[in-house]
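Chain residues, written in single-letter form:
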Amino acid sequence: MSVARHAAVVGSGPSGFYAVEALLNALPNVTVDMFERLPTPYGLVRSGVAPDHPRLKQVTLVFDKIMQSERVNYFGNVAIGQDISVNSLREAYDIVIFAYGAGDDRKMAIPGEDLVNSHSATEFVGWYNGHPDFRDRVFDLSQEVAVVVGHGNVAADVSRILLQPADELRRTDIAAHALEVLAESKVREVHLVGRRGPAQAKFTSRELRGLRLIPNCLAAVHGDAVVIGSACEKELAYPSNLNALQNVELFRGLCGPGSGPQSRRLIFHFYLNPGRLEGDGRVENFIFRKNTLDGEPFKQAAIATDELETIKCGLAFGSIGYRGQPVEGVPFDVRRGVVPNWKGRVESDGVPVEGLYVTGWLKRGPTGIIGTNRADSIETVQQILEDVSSPGLKSRQGRDALVASLSRQRVSVVDLQDWLQIDANERARGQEVSKPREKFTRVTEMLDIASSHRLRKAEKRGRVRVG
Amino acid sequence: MPQIMPHVVTENCRLCLFTDCVEHCPVQCFHADDERSYIDADACIDCGACIPVCPVQAIHEVFEPDEEREILALNAERSHALPVISKKLPPLLSAAARRVELGF
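Just so you know, the protein sequences line up as chains A and C, in that order.
For the first sequence, position 232 (counting from the first letter as 1) is numbered 232 according to the numbering used here, and the numbering increases by one without interruption.
For the second sequence, position 92 (counting from the first letter as 1) is numbered 92 according to the numbering used here, and the numbering increases by one without interruption.
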């Protein structure tokens, strides 16, 4: 009979859920407590995946099944590092898995990046998806021309949401405050700029294809030609690089005369390095340096030349990646923005830290898509399995005391039933406006729903008499 | 709104069954017999995670359903008749040779 194990998973996005799934499959008598800073679960599936990609969000059905296991407890609205220290967590749980992702944006680090109307993709995506942290950000969509820096799927999402006719968004789960602003948007032209060439663009070809299908919008390549060098040709010849080949073919398909008048335009630029943003108090010009590529296939670096190129614009978005954030008590690699680890075992200066593990973007960096996290979490739990069978992993008994301390601290924990109530409310509000859900965008609103539901239940049981 | 574009497993999978796809699938929509796997398009959420991880590129997205009716039907019928695979399995003994034969 193996020892009962208690595990804590910090973060309830895909990597967190897949870690829970793998733990439940691997250890018959493990119980798992999932801690989530927001009241709502699902991480970037709720606040990152674009509203016009509803099918992708159906993965939450899988997450729901995991959350409903008797061996899993959800603790929403609990911030590790604030409400509970990492050290307290380590004292209470045999296994602690950090799965809280990469919530910071990677800065372009150029002069003028702090001008008004210069933003990160992170804020814009959080804003239109109703993430409480970004509820009150302001985006000046009276500007006609926007530049988005980055050739990945997030940059594609930003461009698409800027150019999508409002009617296409009206019946999605986009946040109401964002839909209002987007419905009045004057943005007509988006320049989607990459540092390297068409063969190195990181879009999945499916997303790139989607950019061509925006109603009433013409997609084009600046200069109307796809320019690639011999090292790029060699890269494209590798069967494993099929996505890049498909991308290049799609870019080629954008060259030549467009079909008829369109009210909006999306223009791809390549080989441009962000230099600086200029303007009188707000963004007016984006100055780039032209790049050349140098190096062997798959190792080509972008080298800036002296040649400059300017794009006049009123809005700029940096979409060049995310970074993890450090939390006290956990080793952190500042350069890479991840928790140092070997296959998910947290390490400090190359030495494993007992009982600490990491998965998802915080482990490998902000790469891959939803499903990538499943294999990643399976790998992390493999290491846990090895450690659990060796005598090294101590058995800790402090879990119940820790949970009790939360109510003493007056932390308003949102449990599974509370979340289901919030969820039901969002879906009911959505029905009234033909949307799958109308999201709550403030933590206070979510907590109010949870507490009034608890109050009604307590009244019914006769525990509280009112009036 | 973008169309639903189903993902299918092709004959490249036959005699391989690497099942790297299974480990990357967020919704466990792969079903298999002794020789190859099939995607249940009703469960598939079109996330595309499986496509790059297959060593023999056996999976692709169908953009013109009218042109690929047979493979769509095959995946639909067989996935509904076979059990789901939820864990990555060791590839078939014939997998290494098949991979070379397919040019990967």
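Source of the hints: derived by calculation from the structure; they are not laboratory data.
Among the clues, some could well be false.
[As the list claims (entries may be wrong)] Under the rule of at most 20 Å between Cα atoms (straight-line distance), these lysine to any residue pairs were calculated in the SDA-like manner:
no., chain 1, residue 1, chain 2, residue 2
1, A, 186, A, 202
2, C, 88, A, 57
3, A, 290, C, 87
4, C, 87, A, 26
[Said to hold, decoys possible] Simulated restraints, written as ranges between beta carbons of each label pair:
no., chain 1, residue 1, chain 2, residue 2, range
5, C, 66, A, 240, 23 to 33 Å
6, C, 46, A, 296, 29 to 39 Å
7, A, 390, C, 14, 38 to 48 Å
8, C, 81, A, 295, 47 to 57 Å
9, C, 84, A, 336, 29 to 39 Å
Where is the CB? At the ideal position from N, CA and C, for every residue including glycine.
Hint-by-hint comparison with the structure:
Restraint check for residue 186/A and residue 202/A: the C-alpha separation of about 28 Å exceeds 20 Å, so the hint is violated. For the given pair, residue 88/C sits about 24 Å from residue 57/A by alpha-carbon distance, which is inconsistent with the 20 Å threshold. Restraint check for residue 290/A and residue 87/C: the C-alpha separation of about 47 Å exceeds 20 Å, so the hint is violated. Taken as a hint, the residue 87/C and residue 26/A pair is honoured in the structure, with Cα atoms around 12 Å apart against an allowance of 20 Å.
Residue 66/C and residue 240/A have their C-beta atoms about 30 Å apart, which keeps the hinted 23 to 33 Å range intact. The supplied range of 29 to 39 Å is met by residue 46/C and residue 296/A, whose beta-carbon atoms lie about 35 Å from each other. For residue 390/A and residue 14/C, the Cβ-Cβ distance of about 41 Å falls inside the hinted range of 38 to 48 Å, so the restraint holds. Evaluation of the 47 to 57 Å hint for residue 81/C and residue 295/A yields a pass: the beta carbon distance comes to about 50 Å.
Distance hint check: the CB atoms of residue 84/C and residue 336/A are about 37 Å apart, consistent with the given range 29 to 39 Å.
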